[in-house]
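K.L.:
Read off the chains here:
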Amino acid sequence: MGRLLSDAEFRLQFFGDRAQAIQRLGVDDATATLLMRLDRSAIERQAKSLISKRCHQVRKSLPITAEKLASDFDQLFQAFAETFWPTGHRRHIIDAVHFCRHLRLLRPECVCSQEHRALEFVLSGRRIAVRLFNGAEINNRRRCGVQLQLKLPSQAMPVEYVWSLPCLW
Amino acid sequence: MTLVGVGYRKSLSDWVAKTPLEIECLEITAEHFFDQTERVLKQAVGQYPVFVHGLGLSLATPGRPDQETLENFQRVVEVSQPEWISEHVAFTRTSEVDLGHLNPVPPSAEMLDRIAENALALSTACGKKLILENITSNLKLEGEMDEPEFLNRLCEQANVGLLLDVTNLFVNSKNHGFDPIAWLQQLRPENIVQLHIVGYSRRDNRWFDNHAKPIQDDLLELLSAVVDFADVQAVIVERDEQIPSESEYAAELRKLKAVCGAN
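Protein chains in written order, with the numbering used here: chain A, 1 to 169; chain B, 1001 to 1263.
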């Protein structure tokens, strides 16, 4: 069932010749009966809804990147999501980080480095990170900047400060 | 008396900390606190009666719940000291893939044994009463029994209660074409401990439980039928998106309180 819901190619093969696919899986009689009765459109809807929930979460983690990609965001995420399934309770952040890495190969100009780095920091074991970089998004303009991130015991989410460095511009 | 409260979200923290009269209890999602310090968790729950809700223990997956997830869940329970804990009648992962969201199970005897075993393991590990929630799904799997009978037998076999999600029941009844009242009346009322409710949305003649809308009147009618049918201990509103203002949310809670108090 997990494969049916996560792998579009497998779904195509399965529903192309259900009997043969079930035989190949070598499942018991009860499971075989269940699989034979599966409603293809309902499986497709459920599979689509899993990807769409992931897409929604990733969009929330990457608002600037999503804005830059505009209507391409969903389509690019859909293509990426079929190839990668994150695990664990940080799955939405892992998903967003991997999507950024994927986008860096396809549409590097659309990845907001500041967002990407902030999420990498959440996943890292570090409590503090300071970066000097070119391309900070400050007031919708790309500048040289310093990004400081801190994980404080009293705060639920990391705290982030970004300063532009006009002297280096 | 039925307590009315909200599912804790970070954006609600200021309002929750003010302890408004309308919030009588709080449900926290365990996974939201897995990476948080004890201090943050204690600040969040304050002095409220608390329930800890799980999303990722995947009780319907063969084998025991994931050890790391279970240990994190236990820690949240230990710190927050809830009245009870809850999870779903669902799977979120298989041995091959972590789907990350809830998926339905066939109401079969084999599945009953599997979930009951994992439910017992979870409640024993946490030392708390466990209640299990019905989910909403595009997919309806067939089994040897219907869903209410499956839930009744699960409660008995695993010694758990029910967290009845009123919105999920409503949405499923629309999408799968059944009478929610007839479905409800097949349940054993003594099993129903807590309720979830949130407004539904509708698109292309399908209903969705996307936790983003105010509670509609037809849901309030179903809620009224549920609290008339069972001695419900708590109702939690689950808004994740488009969180209303404090005054709007408070008004919604007062409306729920009136429905619960009228029965």
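Keep in mind the hints are simulated off the structure, nothing from the lab. A couple of the hints might just be wrong.
As the list claims (entries may be wrong) - List of simulated lysine-lysine pairs, BS3-like, C-alpha gap at most 30 Å:
{"hint": "1", "chain 1": "B", "residue 1": "Lys1018", "chain 2": "B", "residue 2": "Lys1174"}
{"hint": "2", "chain 1": "B", "residue 1": "Lys1213", "chain 2": "B", "residue 2": "Lys1140"}
{"hint": "3", "chain 1": "A", "residue 1": "Lys68", "chain 2": "B", "residue 2": "Lys1129"}
{"hint": "4", "chain 1": "B", "residue 1": "Lys1213", "chain 2": "B", "residue 2": "Lys1042"}
{"hint": "5", "chain 1": "A", "residue 1": "Lys48", "chain 2": "B", "residue 2": "Lys1010"}
{"hint": "6", "chain 1": "B", "residue 1": "Lys1042", "chain 2": "B", "residue 2": "Lys1174"}
{"hint": "7", "chain 1": "B", "residue 1": "Lys1128", "chain 2": "A", "residue 2": "Lys48"}
{"hint": "8", "chain 1": "A", "residue 1": "Lys53", "chain 2": "B", "residue 2": "Lys1010"}
{"hint": "9", "chain 1": "A", "residue 1": "Lys68", "chain 2": "B", "residue 2": "Lys1018"}
{"hint": "10", "chain 1": "B", "residue 1": "Lys1128", "chain 2": "A", "residue 2": "Lys60"}
{"hint": "11", "chain 1": "A", "residue 1": "Lys151", "chain 2": "B", "residue 2": "Lys1257"}
{"hint": "12", "chain 1": "A", "residue 1": "Lys48", "chain 2": "B", "residue 2": "Lys1018"}
{"hint": "13", "chain 1": "B", "residue 1": "Lys1129", "chain 2": "A", "residue 2": "Lys60"}
{"hint": "14", "chain 1": "A", "residue 1": "Lys60", "chain 2": "A", "residue 2": "Lys48"}
{"hint": "15", "chain 1": "A", "residue 1": "Lys60", "chain 2": "B", "residue 2": "Lys1010"}
{"hint": "16", "chain 1": "B", "residue 1": "Lys1213", "chain 2": "B", "residue 2": "Lys1018"}
{"hint": "17", "chain 1": "A", "residue 1": "Lys68", "chain 2": "B", "residue 2": "Lys1042"}
{"hint": "18", "chain 1": "B", "residue 1": "Lys1129", "chain 2": "A", "residue 2": "Lys48"}
{"hint": "19", "chain 1": "B", "residue 1": "Lys1140", "chain 2": "B", "residue 2": "Lys1010"}
{"hint": "20", "chain 1": "B", "residue 1": "Lys1128", "chain 2": "B", "residue 2": "Lys1257"}
{"hint": "21", "chain 1": "B", "residue 1": "Lys1018", "chain 2": "B", "residue 2": "Lys1042"}
{"hint": "22", "chain 1": "B", "residue 1": "Lys1129", "chain 2": "B", "residue 2": "Lys1257"}
{"hint": "23", "chain 1": "A", "residue 1": "Lys151", "chain 2": "B", "residue 2": "Lys1129"}
{"hint": "24", "chain 1": "A", "residue 1": "Lys151", "chain 2": "B", "residue 2": "Lys1174"}
{"hint": "25", "chain 1": "B", "residue 1": "Lys1213", "chain 2": "A", "residue 2": "Lys151"}
{"hint": "26", "chain 1": "B", "residue 1": "Lys1213", "chain 2": "A", "residue 2": "Lys60"}
{"hint": "27", "chain 1": "A", "residue 1": "Lys48", "chain 2": "B", "residue 2": "Lys1174"}
K.L.:
Which of the numbered hints are not met once you compare them with the structure shown?
P.N.:
The structure breaks hints 1, 3, 6, 7, 9, 10, 11, 12, 13, 17, 18, 19, 23, 24 and 25; every other hint is satisfied.
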